[in-house]
Amino acid sequence: MNTDNHGFKKHLLRHETVLLLVVAVEWFYFNSVGPRFGSLDNSFDILRHSVEIGLLALVMTPIILTGGIDLSVGSLLGLCAITFGKLWRDAGLPIPVAAGCTLVIGALAGGLNATLITKLRLPPLIVTLGTFSLFRGLAEAITRGADTFTNFPAAFLFLGQERWLGIPAQAPLFMIVAVAVWLLVHRTTLGRSFRAIGFAPEGARYAGLPVERRIAMVYVLAGVVAALAAIIYTARLGQAKADAGTGYELFAITAVVLGGTSIFGGIGSVHGTLLGVAAIAILNNGLVHARQPREVAGMLTGLLLILALSSSVVPKMLASLRARRQISSANIHQTKPA
Amino acid sequence: MKRYFRELSVAAALLVVLLALAIFVPAFFQPQPLLSLLTREAPTLVVACGMALVIICRQIDISVGSQFAVCCVCAGLLAAEGLPLPVVFAASVGIGALLGALNGALVAGLRLPSIVVTLATMVTLREGLRWKRQGQFVNLPDGLQWFGLDQVAGQWTLITTALVILIALAFAMKHLAAGRFVYAVGTDAEAARLAGIRPQLTTFYVFVFMGALVGLAAMMNVVQSPQVDPKSGTGLELKTIAAVVVGGVAISGGRGILWGVFAGLLLLACISPALTHLRVEAYWEKAIQGAIILLAVVADGLRSRKEKQ
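Note that the protein sequences, when read in sequence, are chains A and B. Read in order, the letters of the first sequence correspond to residues 0 to 337 in numbering that gives the first Met the number 0. Read in order, the letters of the second sequence correspond to residues 0 to 308 in numbering that gives the first Met the number 0.
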């Protein structure tokens, strides 16, 4: 058990070191291709653009740790951006109140996922596939597919477009959430229970963990943070449209899996996820500097996800194949005398 | 009777909707628009049959929309090159089967979760297609539309094709060993393995078959218009998954029949024109589709909870 734990820790370390190396190689490659890529301005640009996906990836980590998945975060971002714009412009609420209400809506939407998954014991994939369609559809229905919210006050746009103490204004918010999620997953009993549930839900139940409450918690957390991401997204672009955040769930899941979290649950780390986000953000930005069309970035992200998934599974499968062959040959030797 | 309660309730709901349409919107039953509606849904039915197999096998495939678009554009380009129709047809089915084999190899060979694998292939194929084609339409040569027949004959050909596939698959799933394998693997892969079935191989073939059906459906879509839209098939995965879960196929695998899927698809197909007549705006369609998926799985969840108690 002890050596096993040690080996597992070493594996994690190795995975994250490799990923760090990948990020560094990406950085140097794009630096040599695009002349402006390495500048401080562009580095802040990368940070600015990766905040929303980073937030989604951060809260996707505990979900995948419990063995679940949330496909609806991108759609929820769109819905929250729309309701935020609607509350501010049409209901006439001041920005902070509208933002607070949006966070509540995010929590409610996450609560819908959580209720269906835990109370009715439905698989997360079909529930969040349904809400993926529902949330995006609601956003389209509210705006009738055309309405866009713009002309936000400058004080609000500061959050998304200006600098505060020399760094992008949304970066401190992102760091707070990152530290909070890191502490939650790595330094609390709650984080341990997420892993326990991901390893074996039945085992966790017999160990006395409130499995349903813990699972509900990660989905509600995802809803709240998706709403926060929607507000930051709106501030960065200066507009809220129904298609905000389309496809972000893929980026978030890719970042988490790339960061070494097992898609089957139980294993993973938040700092790995952050490295995964960095790898994707640098790739996206670097491809623009290398004058590649936007579609290539999406395509490569999909391929990256497949590669990351297979790279974690293939060595294990080869090892188990070898073990099986050894066992079967040993069996043959044993049965021969009888 | 009790065994097929779920399917019968869908059929009853379909009858109610049709009756309501007959009373309030008699215009719905004019032969020409109805025929057009059924023709439009024929490719969807073929894909939904494949999706039912995948879900019965306890997997899911959300890349069908992108596969569909790739097959449509490839078939269109080959036809524009002047290749004869049967060759284009075979190529479309072959490309679909290849794309399905890719999913199948990743899911069955590497034992990765199908939802994540097909999410990745969905985006990769869609973005790759957009990159290669830049949203260009493909103009088809004359004589391809409706297989060179007149429109009504072409429409009947497509509807008949879809129905023949439905009936053949419904028969195969009930009476052929291969069909029972799919149910066995979806119910309990380990038990199936102990009974001498190779679950991973079955899963692989189900994905290949799904791809081939998508290729066929793409061909059925291409012949309906003089151009190929590179965005065709967007949202097809949600539409077919909705039809399958509404039709009573259990999302946890191993349960459901294709006739239920047929009823589910018809029900969904009728809802959209019914909403138009109720003056609900078209923007609500996606939200309603999501709500229907959720309602169907909630109904199943409640039922299975009651059965356990």
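The reader is advised that the hints may include incorrect statements.
Said to hold, decoys possible - Ranges between beta-carbon positions, derived for each pair: (1) B/S271 <-> A/R293: 30 to 40 Å; (2) B/R2 <-> A/P209: 14 to 24 Å; (3) B/D141 <-> A/P314: 32 to 42 Å.
As the list claims (entries may be wrong) - Here are the simulated DMTMM-like cross-link-like pairs (lysine to aspartate or glutamate), alpha carbons at most 20 Å apart as the crow flies: (4) B/K131 <-> A/D40; (5) B/K305 <-> A/D44; (6) A/K118 <-> A/D44.
As the list claims (entries may be wrong) - In silico negatives: residues of chain A with every beta carbon more than 12 Å from chain B: (7) L111; (8) R120; (9) E139; (10) A145; (11) P200; (12) L236; (13) G246; (14) L299; (15) G301; (16) A329.
Honestly, the hints are just simulated from the structure, not real lab data. Every residue, glycine too, gets a C-beta built ideally from N, C-alpha and C.
Evaluated hints:
1. B/S271 <-> A/R293: 30 to 40 Å: Check passed, 32 Å falls within 30 to 40 Å.
2. B/R2 <-> A/P209: 14 to 24 Å: violated (37 Å)
3. B/D141 <-> A/P314: 32 to 42 Å: About 55 Å separates the Cβ atoms of B/D141 and A/P314, which means 32 to 42 Å is violated.
4. B/K131 <-> A/D40: With a Cα-Cα distance of about 32 Å, the restraint between B/K131 and A/D40 is violated, given a limit of 20 Å.
5. B/K305 <-> A/D44: Distance ~54 Å between B/K305 and A/D44 Cα, so the pair is violated.
6. A/K118 <-> A/D44: violated (42 Å)
7. L111: violated (9 Å)
8. R120: Given that some Cβ of chain B is not farther than 12 Å from that of A/R120, nearest at about 6 Å, it is violated.
9. E139: Non-interface label fails for A/E139: nearest chain B Cβ at 5 Å, not farther than 12 Å.
10. A145: About 9 Å separates A/A145 from the closest Cβ of chain B, which leaves it inside 12 Å; violated.
11. P200: holds (15 Å)
12. L236: About 21 Å separates A/L236 from the closest Cβ of chain B, which puts it past 12 Å; holds.
13. G246: violated (7 Å)
14. L299: violated (8 Å)
15. G301: violated (3 Å)
16. A329: holds (22 Å)
Consistency note: the structure conflicts with the earlier hints numbered 2, 3, 4, 5, 6, 7, 8, 9, 10, 13, 14 and 15.
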